[in-house]
Amino acid sequence: MSPTNILDRLSRLDTNTVSDTLDFLALKGATYGLQPLWDCPKIVGRASTVEVGPKTDAAPAVHLLTPVIDAVQTDDRVLVISGGIDGISCWGDILANASKGKQIRGTVIDGMSRDIDGSRDIGYPVYGRGVTMISARDRVVQIASGTSLQVRGVTVNQDDYVIADRCGTVFIPAEHIKEVLDLSERIDHRQSRMLEAVRAGRPVSEIMHDNQFRAIHDSNPTSNKETTLQGSCPGLDPKRVNPEDQELVRLFAGTDTPAVSDALDKLGIAGQAFNIMPLTNYKKVTVGPAFTVRYVPASDPPGSVGDFIDDVADGDVVVIDNGGHTDCTVWGDIMTQYAALRGIAGTVIDGVCRDVDRAITDGYPLFTAGRWMRTGKDRVQVGGVNEPIGVGKVRRAREVARVAGEINNSKACIRELIIRVSTIAEAREKLNYHTLQHLFISTVVLASLLCFATGTQPHALLNHNSGTHVESRIPRFPIEDLSPLEWRAEHERTRASLGDEAYLALRKSEIDQKMRSSNDVLDDMIKTGQWNFPPIGNDVKPDRIGFGDGRVFDVGIKHGVPDYITDAMYARYGLEASARNIPEEWLEFEVPIEKSREEKEQREKERQEALEMENTRILNGRYSVRDIDMGCFLNLKSS
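For the record, in the sequence shown the residue sitting at position 542 is 542 according to UniProt numbering, with numbers rising by one throughout.
Just so you know, these hints were derived from the structure itself, not from any lab. A quick note: this is a predicted structure, and the numbers were derived from the prediction, not measured. Every residue gets a Cβ at the ideal spot worked out from N, C-alpha and C, and that includes glycine. Some hints could be false.
Said to hold, decoys possible - Across the chosen pairs, the derived CB separations fall in these ranges: (1) G153 x L267: 39 to 45 Å; (2) G268 x Q608: 42 to 48 Å; (3) R617 x S517: 20 to 26 Å; (4) K55 x Q158: 52 to 58 Å.
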């Protein structure tokens with residue numbers, strides 16, 4: 001059999017199938033922890049081995065790996081590097097470009113890589129333990145090449161075969177490649193037939209029975225035993241979901257794991273599962289009742305691995321306790337396919353999964369401690385279902401959901417408040433208006449300021465060139481439509497439920513959303529000429545300006561500052577380098593630091609007093625979005 005034919009056959013397989021084959025043949029070759037370092041394609045090839053290690057002397061050395069790359073003469077090579085040091089790279093983008101030019105198929109490192117974007121940009125596959133930025137220069141040197149290596153506990157020889165994909169990396173001894181390929185193709189064929197049977201509706205407990213897997217070694221892809229997978233297939237008969245479970249799932253709608261985690265902390269409940277991570281970045285939160293499964297070491301003869309799946313109800317989340325083991329999997333593509341067909345919400349595993357391409361492609365939610373290709377058959381078996389397990393226990397779901405909802409709402413309000421604070425700072429700097437009673441830059445406040453400055457009435461400031469129905473762009477909250485009695489009852493109930501802190505955040509968030517939406521509309525109207533301001537003179541500009549280094553200067557006629565200096569200060573104000581090279585003639589108008597500090601402290605005191613007054617009014621139900629009069633803005637109609 002030609003080397004090209006071998007690699008073609010190997011390329012049609014995946015690491016999961018090859019790992020199963022090595023198990024059947026009692027060969028060691030599957031490794032754990034050598035993952036794709038970018039979303040790179042599968043690689044198959046023959047190993048060119050390189051051993052690296054720490055540099056122990058000061059003598060100059062040839063850059064590691066360069067002689068090996070230069071010596072490659074064929075297009076079937078995969079560089080296999082052992083001896084890497086945690087945190088220090090032994091691969092980078094220059095080596096990747098050189099390897100690409102020599103038609104090397106990829107690199108597998110029992111160590112770290114850097115410049116990984118460079119490898120990705122040219123499409124060069126790199127598998128390894130992780131990514132770092134620290135150079136190998138004067139830290140790591142090449143020790144040997146073309147020799148036997150130890151890679152994650154597996155012996156790899158020059159010219160052994162390599163296959164690597166999303167689930168990890170497998171090495172195949174060259175002397176066993178023919179029997180590995182033959183058996184792998186039979187396993188792959190049978191797995192495909194099993195998937196077809198699952199899709200047709202056959203119970204997965206029949207399809208995945210361990211006796212059928214043990215028969216693969218002795219069977220033929222076209223034997224009568226395989227034809228039993230076809231036959232008639234009864235329709236799927238998913239278990240009925242419990243109405244109470246449906247209610248609990250609805251209670252958690254709109255929350256996320258940080259909010260639920262905070263709620264668990266507040267209630268003193270242990271429920272967070274450390275290092276159980278999503279297989280990919282899911283856009284949707286997975287929520288459902290837990291169907292727990294506990295795995296134990298396999299007995300002799302081994303027991304069932306996956307029969308439990310037929311008892312899982314629609315909408316359940318399968319939660320598997322495999323003791324955190326990363327040496328064998330308990331979930332693969334057949335289970336993924338069947339679970340998705342059954343309407344199972346997702347799977348959480350305190351352990352690893354395999355056949356991840358199916359789950360990623362289908363968008364089936366998987367949360368695990370990692371991914372690996374080695375099967376759990378003959379290694380573990382189901383020890384129990386629907387019993388307490390070690391991934392985490394929650395027994396007060398309604399209370400957790402309530403507290404999580406409150407926390408989620410408070411966090412949303414806090415984010416709104418952060419935005420609002422930046423608006424306050426802008427108002428204080430640009431308008432010198434430090435005592436806004438409600439701490440919002442609203443259309444009404446802005447109009448009032450302009451009225452005070454020009455001696456006109458608010459409606460006289462509005463020059464609407466064309467009518468715009470702005471009401472639809474400004475949110476209206478349910479509490480605005482309540483009668484006074486209904487509002488009082490709603491206020492008391494919500495305050496008692498949330499507590500003062502969360503209640504304040506909620507009401508201020510509502511007010512701020514309304515005000516900011518109004519400002520957005522106002523800005524658009526100004527830009528489009530639907531609301532034109534009269535000219536504003538120096539008398540309404542700030543009479544003091546602060547620069548980036550903290551110094552404050554008087555400006556304007558009020559302080560006897562010449563117009564040309566005032567204009568120059570305004571021109572420089574707001575520039576990134578505003579405090580650099582301030583002209584000497586400006587210094588006589590600098591406000592003494594002590595005076596500036598006193599005024600700042602006074603403004604802060606006034607701001608705090610206004611804030612306390614606002615908080616009191618909100619907590620008493622006397623201030624909310626119901627009390628915001630936006631008539632001078634919302635009554636704009638076309639003339």
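These are the hints, each one checked on the structure:
1. Restraint check, G153 to L267: a C-beta distance of roughly 44 Å satisfies the suggested window 39 to 45 Å.
2. A beta carbon spacing of about 34 Å between G268 and Q608 contradicts the range 42 to 48 Å that was offered as a hint.
3. The hint said 20 to 26 Å for the Cβ distance between R617 and S517, and at roughly 22 Å that hint holds.
4. Between K55 and Q158 the Cβ separation comes to about 24 Å, which falls outside the hinted range of 52 to 58 Å.
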